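K.L.:
Protein sequences appear in the order of chains E and V.
First residue of the first sequence: 1, per the numbering used here; consecutive thereafter.
First residue of the second sequence: 1, per the numbering used here; consecutive thereafter.
Because the hints were derived from the structure by calculation, they are not lab data.
This structure is a prediction, so every number in the text was calculated from the model and none was measured.
One or more of the hints may lead you astray.
Label pairs and their in silico Cβ distance ranges [as the list claims (entries may be wrong)]:
#1 V:L141 to E:A4: 29 to 35 Å
#2 E:S165 to V:S140: 46 to 52 Å
#3 E:A173 to V:L141: 36 to 42 Å
#4 V:P131 to E:S165: 21 to 27 Å
#5 E:M262 to V:R228: 34 to 40 Å
With a straight-line cut-off of 30 Å between C-alpha atoms, the simulated DSS-like cross-links for lysine-lysine are [claimed, not checked]:
#6 E:K13 to V:K49
#7 V:K139 to E:K13
#8 V:K132 to E:K257
#9 E:K257 to E:K6
#10 V:K49 to E:K6
#11 V:K49 to E:K29
#12 V:K26 to E:K268
#13 V:K174 to V:K14
#14 V:K139 to E:K6
#15 V:K132 to E:K11
#16 V:K139 to V:K159
#17 E:K257 to V:K159
#18 V:K26 to V:K14
#19 V:K174 to E:K164
#20 E:K265 to V:K139
#21 E:K164 to V:K26
#22 V:K174 to E:K257
Even glycine gets a Cβ: it sits at the ideal position worked out from N, Cα and C.
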Amino acid sequence: MNEAIKLYFEKNKILFFILNLVMIIALLKLFQMLAYPKADFKEALTLNNIKFMLVGMDGELGGLALTFVIAIISIIGSFIFGSILAIARFSKNRFINTPAILYIELFRALPLIMVIFWVYFAVPIVGGALFHTKISASALTSALISFTLFESAYIAEIVRAGLKSIPQGQFEAAKTLGMSGYQTFFLIILPQAYRRMIPAIVSQFVSLFKDTSLAYVIGVIEFFRAATIINNRIYQSFEIFSFVAIVYFICSFSLSKIAAMMERKVQKQLHT
Amino acid sequence: MTYDFNWAVLIEYKELLTDGFIMTLKLSVIGIFLAFIMGTLISLMRVSKNFFISLIGVYYTEFFRNIPLIVQMFFIYFTFNLTDIFPFLEKFASFTGVESSNEFFSALLALVTYTSTYIAEAIRGGIHSIPKGQEEAAKSLGMSYIQTHFLIIFPQAVKIAWGPITSQFINLIKNSSLAMTIGVAELTFQTQEIDSLTFRGFEAATAVTLIYLFLTLATSSFMGVIERFALIKTGGMK
């Protein structure tokens with residue numbers, strides 16, 4: 001019987017996905033009934049509150065929409081910066097690859113929250129010392145900068161792994177066709193590497209999407225901060241945070257399933 | 001406009017920094033220990049032959065992996081009073097010398113649930129990479145299911161997954177900085193403390209950055225030493 005269930009779900013993946021979501025929400029409801037019977041979702045999750053959490057106040061971007069905007073802008077920025085870092089690290093010149101290695105290792109050893117504080121508190125000081133002017137960044141800008149700086153170290157490692165996975169024969173074949181070093185790299189190697197990296201980058205995007213909740217500490221009103229604002233007002237933490245958890249779960253679970261699907265596709269393409 | 005550095009602040013407030021360091025260490029060490037046990041259990045559930053047991057494992061990993069750590073921390077901290085629900089935690093807190101026990105255990109619980117999912121995934125990957133013949137060989141030697149798993153499959157799987165497990169331990173150390181948001185006085189919290197006391201956030205942040213660098217490097221080299229001397233030598237497998 002177990003085998004039959006397994007086979008059925010392997011054939012109908014989308015059904016299994018929806019069933020999983022429903023099951024998890026049902027389990028949460030069960031948990032709520034056991035652990036916190038006095039929960040009152042109607043009072044906490046009014047239409048206004050949900051609207052504030054999902055799209056922010058009128059005329060101003062906030063909430064879940066802002067979370068997505070932050071995540072998308074930073075993943076694009078860190079993709080560009082991370083690629084540059086990875087190419088620098090791949091280079092054979094020691095003066096080019098040493099700074100890249102130092103950058104990547106430093107940012108991978110730091111907690112994201114420290115990076116956010118560094119950008120938020122140190123950029124005005126460093127900017128003042130270097131350019132003799134008062135530079136100040138808003139909370140949103142410094143959140144974007146710090147996510148970009150932090151993620152690009154991880155993206156650089158993904159790009160480097162992608163570059164390494166290209167067989168040596170490709171370089172040699174390009175050389176025999178009379179291509180220059182730059183042509184080989186940008187026309188032959190990089191496009192192939194990028195295609196292999198797409199699943200890894202999508203899963204990095206999922207982790208970035210979860211990490212955007214840390215912009216909370218410097219006061220960006222994204223989804224999590226909006227939820228805490230409401231929680232501070234009405235103090236029904238169980239209801240609000242379980243709503244937040246479910247929304248985050250649905251978003252990142254679907255995204256990670258998409259990443260897994262893409263990975264299977266890329267694997268199939270590579271093996272045929 | 002130039003910024004004049006005053007590194008003497010660090011010496012003046014060195015107690016805050018050492019307290020924060022010890023608190024981070026406590027969170028990390030207890031967290032790593034519990035997360036490893038939890039991750040092991042979940043990975044064993046996931047590779048179980050019983051569909052429903054493995055489904056519970058899948059739900060656990062998918063659920064706790066896809067919710068940001070900070071949300072889990074806030075959920076636990078603001079909703080439940082852990083020391084009221086589990087009175088023995090109070091004793092444990094006084095044993096380890098933790099003052100704000102409720103905050104500490106909320107942060108610890110969230111860290112353990114979050115990291116254990118990643119550790120479970122790493123160990124599961126290791127278990128899947130063990131060839132089927134190992135299990136059959138153990139069975140033909142007359143070993144029971146539990147013996148096969150704990151004496152043959154699991155040690156090899158941990159050896160293979162040691163790299164990802166190390167990076168998850170490092171992630172746990174880094175993520176322990178999130179405990180500052182619910183008021184556990186660890187390293188990052190003390191940076192803010194020094195900043196608000198003396199307005200010298202830059203120096204404090206530099207010091208704390210160096211401490212985090214030291215912690216992560218120490219962990220990765222320590223795990224490397226364990227791998228070299230304990231895992232490979234006894235197993236004879238590389």
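K.L.:
I'd like to know which numbered hints this structure contradicts. Please list them from smallest to largest.
P.N.:
Numbers 2, 3, 7, 12, 20, 21 - these are the hints that the structure violates, sorted from lowest upward.
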